[in-house]
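Trainee: Following the hints, put chain B in place on chain A, whose structure we already have.
Sequence order for the protein chains is A and B. Position 169, counted from 1, in the first sequence is what our numbering calls 169; the numbers after and before it change by one each time, with no gaps. Position 259, counted from 1, in the second sequence is what our numbering calls 259; the numbers after and before it change by one each time, with no gaps.
A couple of the hints might just be wrong.
[To be verified] Listed below are the simulated DSSO-like cross-link pairs for lysine-lysine, each with C-alpha atoms no more than 27 Å apart in a straight line:
no., chain 1, residue 1, chain 2, residue 2
1, B, K263, A, K143
2, A, K239, A, K211
3, A, K244, A, K232
4, B, K290, B, K279
5, A, K10, A, K117
6, A, K122, B, K263
7, A, K121, B, K363
8, A, K117, B, K263
9, B, K126, B, K290
10, B, K263, A, K66
11, A, K136, A, K121
12, A, K121, B, K128
13, A, K167, B, K263
14, A, K81, A, K117
15, A, K66, A, K10
16, A, K143, B, K290
17, B, K279, A, K118
18, A, K184, A, K143
FYI, nobody ran anything at the bench for these hints, they're computed from the structure. Quick caveat: nothing in here was measured; it's all calculated off a predicted structure.
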Amino acid sequence: MVVNKNKSSKPVIEIREMHKWFGNFHVLKNISLGVNQGERIVICGPSGSGKSTLIRCINRLEVHQKGDIIVNNVELTGDLKNLETIRSDVGMVFQSFNLFPHLTVLENCTLAPIWVKKLPKKEAEELAMELLTRVKIPEQALKYPGQLSGGQQQRVAIARSLCMQPKIMLFDEPTSALDPEMIKEVLDTMIELAETGMTMLVVTHEMGFAKKVADSVIFMDEGEIIEQNDPKNFFNNPKNDRTKLFLSQILNH
Amino acid sequence: MSEKTYKPGNYPDLPPPPGTVGVYGWIRQNLFSSISNSLLTIISVVLLYYLIDGIIGWFFLDAVFDAESKIACRKIDDGACWAVITRRVGQFVYGFYPEAERWRIDITFLTMFLAFAPLLYPDIPKRKWLLYFSAFYPFFAFVLIMGGYFGLQKIEYSLFGGFMLTIILGVCGIVCSLPLGILLALGRQSNLTVVRTLSVCFIEFMRGVPLITLLFVASSMLNYFLPPGTNFSILVRVIIMFTFFSAAYIAEVIRGGIQAIPKGQYEAADALGMNYWQKTRFITLPQALKISIPGIVNTFIGLYKDTTLVVVIGLLDPLGIGRAALADTKWNGLSTETYLFVALFFFVSCFAMSRYSLWLENKLNTDKK
Numbered sequence: 001m002v003v004n005k006n007k008s009s010k011p012v013i014e015i016r017e018m019h020k021w022f023g024n025f026h027v028l029k030n031i032s033l034g035v036n037q038g039e040r041i042v043i044c045g046p047s048g049s050g051k052s053t054l055i056r057c058i059n060r061l062e063v064h065q066k067g068d069i070i071v072n073n074v075e076l077t078g079d080l081k082n083l084e085t086i087r088s089d090v091g092m093v094f095q096s097f098n099l100f101p102h103l104t105v106l107e108n109c110t111l112a113p114i115w116v117k118k119l120p121k122k123e124a125e126e127l128a129m130e131l132l133t134r135v136k137i138p139e140q141a142l143k144y145p146g147q148l149s150g151g152q153q154q155r156v157a158i159a160r161s162l163c164m165q166p167k168i169m170l171f172d173e174p175t176s177a178l179d180p181e182m183i184k185e186v187l188d189t190m191i192e193l194a195e196t197g198m199t200m201l202v203v204t205h206e207m208g209f210a211k212k213v214a215d216s217v218i219f220m221d222e223g224e225i226i227e228q229n230d231p232k233n234f235f236n237n238p239k240n241d242r243t244k245l246f247l248s249q250i251l252n253h
Numbered sequence: 001m002s003e004k005t006y007k008p009g010n011y012p013d014l015p016p017p018p019g020t021v022g023v024y025g026w027i028r029q030n031l032f033s034s035i036s037n038s039l040l041t042i043i044s045v046v047l048l049y050y051l052i053d054g055i056i057g058w059f060f061l062d063a064v065f066d067a068e069s070k071i072a073c074r075k076i077d078d079g080a081c082w083a084v085i086t087r088r089v090g091q092f093v094y095g096f097y098p099e100a101e102r103w104r105i106d107i108t109f110l111t112m113f114l115a116f117a118p119l120l121y122p123d124i125p126k127r128k129w130l131l132y133f134s135a136f137y138p139f140f141a142f143v144l145i146m147g148g149y150f151g152l153q154k155i156e157y158s159l160f161g162g163f164m165l166t167i168i169l170g171v172c173g174i175v176c177s178l179p180l181g182i183l184l185a186l187g188r189q190s191n192l193t194v195v196r197t198l199s200v201c202f203i204e205f206m207r208g209v210p211l212i213t214l215l216f217v218a219s220s221m222l223n224y225f226l227p228p229g230t231n232f233s234i235l236v237r238v239i240i241m242f243t244f245f246s247a248a249y250i251a252e253v254i255r256g257g258i259q260a261i262p263k264g265q266y267e268a269a270d271a272l273g274m275n276y277w278q279k280t281r282f283i284t285l286p287q288a289l290k291i292s293i294p295g296i297v298n299t300f301i302g303l304y305k306d307t308t309l310v311v312v313i314g315l316l317d318p319l320g321i322g323r324a325a326l327a328d329t330k331w332n333g334l335s336t337e338t339y340l341f342v343a344l345f346f347f348v349s350c351f352a353m354s355r356y357s358l359w360l361e362n363k364l365n366t367d368k369k
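Bound-form chain A, shown alone:
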């Protein structure tokens, strides 16, 4: 268990009675969730349960129709002028990496800091190299993403997000597209990140990671938060039948 020293009671994300529809399909139902600074939350649930959609609402890649989402004291609404500023405070790592294939690893990492944060090029490159060293691939900086393995690409994607020096990191199934032997290197990177006190919301099925890192585990099904508990109680003593069924399905082999 990674001890969380940075956890505070200052909320950085507040979601209140939030609903979302895709057309007529009610994909998120009455979601309420508060995340404190430095808190690490793992979200799990069967596919189609709305867990990815939930974290995509937090940086407004998806738009919610009802309820409130407040990130860093700013409410996400349609007439938001500074959406870009909010997004640059919230890093996101995707299942399929989404690195920019026409740019080198280093350029992937420096593009947004230079143009969005207006960092001088040299400073952005120093920061990028520092973070690439942290995810243990500084030697790949001048290669293109297509020349790297999946695990390396995902670590670059993490470094790219961190280059914006975000306050919150969202992970959308970061290891689901990886070969088994590469999952560990990505999870190790995420554990190290957790140790620095980053606020993290992680959608994942890696229950070992949840046990080790999470302050709180959320189980979602059919667009609802079914259960939220600390990892110890969540895994040893699940209250809801659906949670029990889900856990038995993913842990029993």
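Mentor: Same frame as chain A, now just chain B:
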């Protein structure tokens, strides 16, 4: 043959079996893989020999390169009579541009390579300085070709012709239609209804009308649509039409490229806080243009060859010059030589464009570098 056995982990890399690699292997696999294939190979070689023999004879060995007229040619030898070209090569290249001023065209043409080099080859040394020249080049070329300034004799548009006219129309059309095409492609994908509708209307109209119609409009009607007092020369009007026409095609090619970019690219850019123009400049266009290179060059080549259509509105492109040469009683009936020569010019230009696009595709392929 005795097969050696090796312990696990000790198996060395063996050479491939003989006759499967190298020149010998290639010949065996591709030309003589069976009896019928071997026969076909031999027959083809014999046919090729007679064909090439005939071609070389007509083009070079039995050809006449200089003579007074077609009849004089025939008296010397019975191959091609290239005299129709060599005697009129000035007209083929410069049209009716005054002979004493042709050096201006030569300089413009040669410096054009200098102006294009930094745009076409990003790794060129001193690129930054050359780019300044590229930006200045259009004015330089305009003044030099048209004259009327700095004591240069003013030359009338109507004297332009030949390959020079083709290159002016082609290069201006290509250079102007790429940016316009990009804007139209972006406009068509825009969230703003007005911009999108205008782009769609423009693209669909331009693609839906034959180029010849547009050229007739340019030559006769365009002045009615323009505010009174503006009077573009026919050359500018034709360039505008070529630009619009090929921009519409390029817009569609680039739209295809834009739509081929995975959604995740935009999501990643969004998540990093990039705004529309940053996304367009750094994520969308570099990838979309790279995907669309073959289609864009295809359109350019089409435009370049379509410049010959200006002959219908009375401009003397190389085909017009050729026709004029054939109308001369001295050269009557030498259409094969004339059209082959014009074809060769177009082939060389278009082949160069095609090679350049292949080179660029390879250079931008980041997967295997």
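Trainee: Do the alpha carbons of K136(A) and K121(A) lie within 27 Å of each other, as the hint requires?
Mentor: Since the Cα atoms of K136(A) and K121(A) sit roughly 22 Å apart, the hinted pair holds (cutoff 27 Å).
Trainee: What's the verdict on K143(A) and K290(B), does the C-alpha distance respect the 27 Å limit or exceed it?
Mentor: 18 Å, holds
Trainee: Below or equal to 27 Å on CA atoms is what counts here, so check K184(A) against K143(A).
Mentor: Holds, because 22 Å separates the two Cα atoms, which is no more than 27 Å.
Trainee: Is K263(B) within 27 Å of K143(A), Cα to Cα?
Mentor: With Cα atoms ~23 Å apart, K263(B) and K143(A) stay inside 27 Å; holds.
Trainee: Is the hinted pair K121(A) and K363(B) satisfied, with a Cα-Cα distance of at most 27 Å?
Mentor: 25 Å, holds
Trainee: For the pair supplied as a hint, K122(A) and K263(B), is the alpha-carbon distance within the 27 Å limit?
Mentor: 30 Å, violated
Trainee: Does the structure keep K117(A) and K263(B) at a Cα separation of 27 Å or less?
Mentor: 24 Å, holds
Trainee: Hinted pair, alpha-carbon criterion (27 Å max): K239(A), K211(A). Please report holds or violated.
Mentor: Holds, at roughly 17 Å.
Trainee: K167(A) and K263(B) were given as a pair; does the straight-line alpha-carbon distance stay at or below 27 Å?
Mentor: Holds: K167(A) and K263(B) sit about 25 Å apart, inside 27 Å.
Trainee: Are K290(B) and K279(B) close enough, with their CA atoms no more than 27 Å apart?
Mentor: Holds. K290(B) to K279(B) sits at ~16 Å (cutoff 27 Å).
Trainee: Within a Cα-Cα threshold of 27 Å, do K121(A) and K128(B) meet the stated pairing?
Mentor: Roughly 19 Å between the alpha carbons, so the hint for K121(A) and K128(B) holds.
Trainee: Is K10(A) close enough to K117(A), meaning Cα to Cα at most 27 Å?
Mentor: Distance of about 25 Å is within 27 Å: holds.
In this structure, only the earlier hint numbered 6 is contradicted, and the remaining ones agree with it.
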